[in-house]
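Chains as they are written, first to last, in this note's numbering: chain A, 635 to 865; chain B, 635 to 865.
I should point out that these hints are in silico values taken from the structure, not numbers from a laboratory. For each residue, glycine too, the CB sits at the ideal point set by N, CA and C. Errors might be hidden in some of the hints.
[What the hints assert, rightly or not] Computed cross-link-like contacts, DMTMM-like style, restricted to lysine to aspartate or glutamate with a CA-CA straight-line distance of at most 25 Å:
no., chain 1, residue 1, chain 2, residue 2
1, A, K722, B, E704
2, A, K766, B, E704
3, A, K790, B, E678
4, B, K861, B, D822
5, B, K766, A, E815
6, A, K796, B, D822
7, B, K766, A, E694
8, B, K651, A, E848
9, B, K731, B, E704
10, A, K651, B, E694
11, B, K766, A, D770
12, A, K766, B, D770
[As the list claims (entries may be wrong)] Calculated from the model, a selection of chain A residues having no Cβ within reach of chain B, i.e. all distances over 12 Å:
no., residue
13, G684
14, V687
15, A713
16, M719
17, L764
18, Y768
19, D835
2 protein chains.
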Amino acid sequence: MKKDLEGLEKALGTSFKEQGLLETALTHRSYINEHRGYALDHNERLEFLGDAVLELVVTEYLFHQYPNPEGELTAWRAALVRGEMLAKVSRELGVEKYLMMSRGESKDTGRAREYLLANACEAIIGAIYLDKGYEDAKDFILGRIVTHIGEVFDKKLFVDPKSHFQEKAQEMVSITPTYREHESVGPDHNRVFVVGVYLGDELVATGEGPSKQEAQRNAAKAALEKKGWDK
Amino acid sequence: MKKDLEGLEKALGTSFKEQGLLETALTHRSYINEHRGYALDHNERLEFLGDAVLELVVTEYLFHQYPNPEGELTAWRAALVRGEMLAKVSRELGVEKYLMMSRGESKDTGRAREYLLANACEAIIGAIYLDKGYEDAKDFILGRIVTHIGEVFDKKLFVDPKSHFQEKAQEMVSITPTYREHESVGPDHNRVFVVGVYLGDELVATGEGPSKQEAQRNAAKAALEKKGWDK
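Just need the whole structure built from these sequences, with the hints factored in.
This is the structure in structure tokens:
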């Protein structure tokens, strides 16, 4: 099935010389498994390439724009290129409806979809880079990703949410948050941990994730939102 | 103190328009602390930039050269750009005698020196990139770093040494290696763990590192060499 990609190209601000590159960038490995005769590859190699292009463009931008020490630039960069941000950019571009994935994947709209959207964003960058070169990929990254730098600063996305919540909790209510594991579900290779974050006895929020650490980070993030401390 | 950098430029195969960039790339933060009036910055920001340039050049090379899946390319890339490899490249270029560091640092020729040499290598790449652009940085990386790809394959540097040693031990002597902590020395913030790797009761080698994990990796690496299983 060849989707009409004109709408997406418009959103991306580019038209591909080699359309197959864009199609490949949108193809999840699960689609290949379901369509054995499919002529194209899945997007993982393009993602590998796009990730490195993204990294250099963002690095160069921060290096020239800010005189700050390397440690700060590294934290800001991590916030700009992390999965959540890239999934969001993909949504803004309307990538979701062009994704080629298995029927199983297409039903899973939670965390798995976010992951898939983030990877597609990197793969699209890889495709632009191959088709048009560094300058075009750079224009795309500056115009669509680096533009979120204000949000990174405003919402302190570069701060680890656990440190951020602890700081705020101490400032606002003089309490150090604690974390308790509520449950862990699923088989070993696909376990999901559910963790609650507390201020004293008050359960502020819960979070889940594939590790305790990530579940705690997600709980802290949810708690920051719930308390309105993420502004 | 302005060192004569001509010899180094020759080894690097480039001559800098802006010599200060190369000097900065060679300057460790400890040097600045000891020389308050020093006009230049230390090399950490250049290292931040150079690391991303290195990543893209190596990524692009592997992407075009090998049709392998992303997971394999990622492992090969990691082996090419890891600290040990970059420190080695710095030594090959004779970077060591040009490093500007505090008297304290200059006495420490062990692990700290390796780290410093690896960082200088990335900073030099950043300096070339700023002074001459992507193509020159790419030439340097292809000619000096990517050339070690044969060694990566021959010595299986892309395999975690613990898995590698375990595989070999099972193949050669049908024993699963075990690790025992021998001692840990130094204050909390600077602890060094010493670990031994055993085949049954035989102590094959020891390794040290700032974490148990890294000490085990180093022990496994030493054991592979000792047994001649690293060929």
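Structure-based check of each hint:
no.	hint	verdict
1	A/K722 with B/E704	holds (24 Å)
2	A/K766 with B/E704	holds (22 Å)
3	A/K790 with B/E678	holds (23 Å)
4	B/K861 with B/D822	violated (33 Å)
5	B/K766 with A/E815	violated (53 Å)
6	A/K796 with B/D822	holds (23 Å)
7	B/K766 with A/E694	holds (14 Å)
8	B/K651 with A/E848	violated (47 Å)
9	B/K731 with B/E704	violated (38 Å)
10	A/K651 with B/E694	holds (20 Å)
11	B/K766 with A/D770	holds (21 Å)
12	A/K766 with B/D770	holds (21 Å)
13	G684	violated (9 Å)
14	V687	violated (6 Å)
15	A713	holds (15 Å)
16	M719	holds (17 Å)
17	L764	violated (9 Å)
18	Y768	violated (7 Å)
19	D835	holds (33 Å)
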